[in-house]
Amino acid sequence: MFDRVIGKSDLTDSLDNLAERYRVVAPVSEGTRYRFAEIDGARDLDEGYIPTALPPTKYLRPPRENLITFAWDDEIQVEPVFDQSDFILFGVRPCDLHAIRLLDEIFDREKDDGHYQARRLGASIIGVECLEPCDEHCFCHAMGTLEAAAGFDLLLTDAGDGYYVRVGTDKGRQLLTELSGAREAVYEDRRRLRKIHARRDQAFEPRLDVEGSQIPALLADSNDSLLWDVLGEKCLSCGACTNACPTCFCFDVLDDLGLDLKSGTRYRTWDSCQLEEFAMVGTGESFRQPRDMRVKHRFNHKGRYLVERYGMPGCVGCGRCGRDCLVGIDPIGVFNQLKGQPVERR
Amino acid sequence: MNVQTAAEFILDSPFLPRSAEIIRKDRLNDTETLYQLRLMDGSELGHLPGQFVELSVYGVGEAPFSISSSPTRGRTFELCIRRVGDVTGGLERLGLGDQVGIRGPLGRGFPVETMRGKKALLIAGGLGIVPLRSLIVNILDEREDFGDVTILYGSKSPDDLLFRDELTQWEAREDVDFRMTTDIAGPKWKGNVGPVTTLFRRIEVDSRNTVPVMVGPPVMFRHVVKQVLACGIPEDRIIMSLERRMKCGIGECGHCQINGVYVCQEGPVFTYAELKRMEEAML
Amino acid sequence: MYENLPALKKPRVAVFELASCAGCQLQILNLEDELVDVLQLIEFAYFKEAMSNTSEDYDLALIEGAVTRASDEQKLLEIREKAAIVGTIGSCAYPVGIPGLKNSGDVEAASELVYGAKAALFPSVPVKPVDAVIDVDFHVLGCPIEKDEFLHTLTALLIGKKPPIPPYSVCVECRMKENVCAFDRGETCLGAVTRAGCGALCPTYGSRCYGCRGPADDPNEPSLEALLEKRGKTPEQIAADYALYNGYREGTAGRREAPDG
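Protein chains in written order, with the numbering used here: chain A, 1 to 346; chain B, 1001 to 1283; chain C, 2001 to 2261.
Next comes chain A alone, as it looks inside the complex:
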């Protein structure tokens, strides 16, 4: 067995140690909200954090990511760009770990995208379990994402005076050597972990009137719901939801040309299906212009298409989109309303 138990002050010391030698990224507090940022030591970290403004996946697919460089003189020279630097991503919640699993499935296993793989290989991911709901917007419990099954190298569970440490990968097993003062977990520790989990499962009250597994069917059945019109009227098309979403991965590809007009960089930058231009083609037609169609597409992409394609949740219930939406479009409300309403045909 590789499971460990580490005292809280030992973990603090270990983090300080790691931060001295590696780039460590962890949630920090910024007034009313939290963000993942580089830390110098454990003191910078805020343990009571709820889902951060942007998800930690921003380190695996940054808002702007260089893909290739190009230059010409007599010939064209083109080189790929990979960010292969190592870093530790500490404090990732189970919802976000599920999102990372999905991104791995798409960008690593399916697409073999070296740019994603470079960052993913560089990341050592230390997850931290949630033992109580973060606020009124989260619904991970319903989506089956409260329990972290994979996506982490190490997973920590707060056990009062210390943390129970589980190992997810070989990389995590090697990381254990960095946890000074950790001891091997024994039967009593595992029993305690079971109790913590049982208490946790009680703490998360159901917030959705529909089973997570029934959401694809609910959405398929709601294509003609009038709710989309209502949401379309409210939606500001500000992209707050898609920026905040840990499983959103759409992007645009652009060229940045230097002032020499002979060299530059091609990069990808986050894009959003909520923006009008997103589905326009070369001739100017848009295949998803009306705002209600855009809102409907987002919910279907998360709640249905990704599930159908990859067999894992496309929405991980982190609540970020609902938390950030200025006009109150919250997936809890949307799913419950779709469930509660008889489907109104337009």
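Worth flagging that the hints you see were computed from the coordinates, not collected in a lab. Take these hints with a grain of salt, some might be off.
No more than 16 Å apart at the CA atoms, straight line, and that leaves these computed lysine to aspartate or glutamate pairs for EDC-like [to be verified]:
| # | chain 1 | residue 1 | chain 2 | residue 2 |
| --- | --- | --- | --- | --- |
| 1 | A | Lys111 | B | Asp1012 |
| 2 | A | Lys262 | C | Asp2037 |
| 3 | A | Lys339 | A | Asp260 |
| 4 | C | Lys2010 | A | Asp209 |
Guided by the hints, dock chains B and C onto chain A, whose structure is given.
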């Protein structure tokens, strides 16, 4: 940390283009130019009719273009390009010998193999002739492999007709039933006037053994599909190619997505049976 | 390689000023690290803020400032005649910026307020953005313009690309920066309907968006206005908020165009 570091892995970029040289540029009319390209490494593009490439004019950007030439025609390939935006504008200013970036061939092409031994009904509307030409030339180059070949081509006006030399050749062939129509007649136009559906009255379709392939604007699809279905051809044998904004070409970026489907991966060639369930296919 | 890719080769550039604070011209001069490179690409024919030599021979005109006098319109028509390409720099030229505040009241009263008894010597007209008088090929937005955006516009023009002007709203960039939303701080903000490109500069530094870059392509104004009212703003306050930079609402920044292809 005793861990393998990321830098030790060899990685591939799906965004790294191959270089290709412009070896010929033919102005087809006011807006369209046919570019003949050759990969710098001397290899064949290795495409199927109906597939597309992402073409880079470095510094300007990258955009998708359907391949207009047939794989039966050797080591060069052709793209027929209408000037509509930045990449096409930049391409127009490039000269012979200038290099562009090519990614691909990408996407699912026309089902050439399953069409062998069957009758082909090939229908193009407007710029739809650009990708369809690849299939037409392929079929004509391997004519003995296919049954009766009927080609219907509709354009806005006689001036908009593309590949005119080839149209004349197709018209002259005994083993092809080729028909054209234009929405508006010009002063010299002696052919059919009206949408491409008006040509249906003049042809016979063998519902048991014909594969209809259509490429054109959504409005053409809507009308032609009706006609083809009325001939008794089953939905899963009707082949169509969609135009969407295929930015990355590898099913990541999301721009070409219709409902749950990435057009750049699962398409751009689909059967009507696949498309009719999807609201965003706009059929 | 790519000998003929550039659409413009060392164009002669003229910078003109209408009613404005000259701050956008200053932003060009503030390109201290890049100015040498820029001067390899263009030649200034007329740039009063920077040099005394002037020439009437130019290809590309950059116009700063709003139209506030009848004579401005004449000047613009002349510029349009001479220059192959005309662009605006800054909010005064588009959407109309601070000079547009004059439109919120009586023009004559405004003249009197400024010039007192001598008001008659300074004939004034309601304020217009430049594109209400002449066709404009591109806008470099902002109060003042962003240096990087100016450079990107310049390289785009030279290479024959549509200058970069985001169709979406400031919120998109603001959220990407993980700023605390002005609404979450109990303030209000016009970022949701204002065109991006500034990198959400004002909200990033603790302020909020005042709309200096004009409306985005697809603003949902009714929804934002409902939100502003819910947060206690009166219709008058909302109108005044828009009027600070958007006192003229006929034009749009950049027509909606098809994406690249």
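Given hint Asp209/A paired with Lys2010/C - CA-CA distance at most 16 Å: Judged against 16 Å, a Cα distance of about 65 Å means the pair is violated.
Straight-line alpha-carbon gap Lys339/A to Asp260/A, limit 16 Å: Roughly 58 Å separates the two Cα atoms, so the pair is violated.
Agreement of Lys111/A and Asp1012/B with the hint, judged by alpha carbon distance not exceeding 16 Å: Judged against 16 Å, a Cα distance of about 11 Å means the pair holds.
Distance restraint between Lys262/A and Asp2037/C, which requires alpha-carbon spacing of 16 Å or less: holds (13 Å)
In summary, the structure is inconsistent with hints 3, 4 from the numbered list given earlier, while agreeing with the others.
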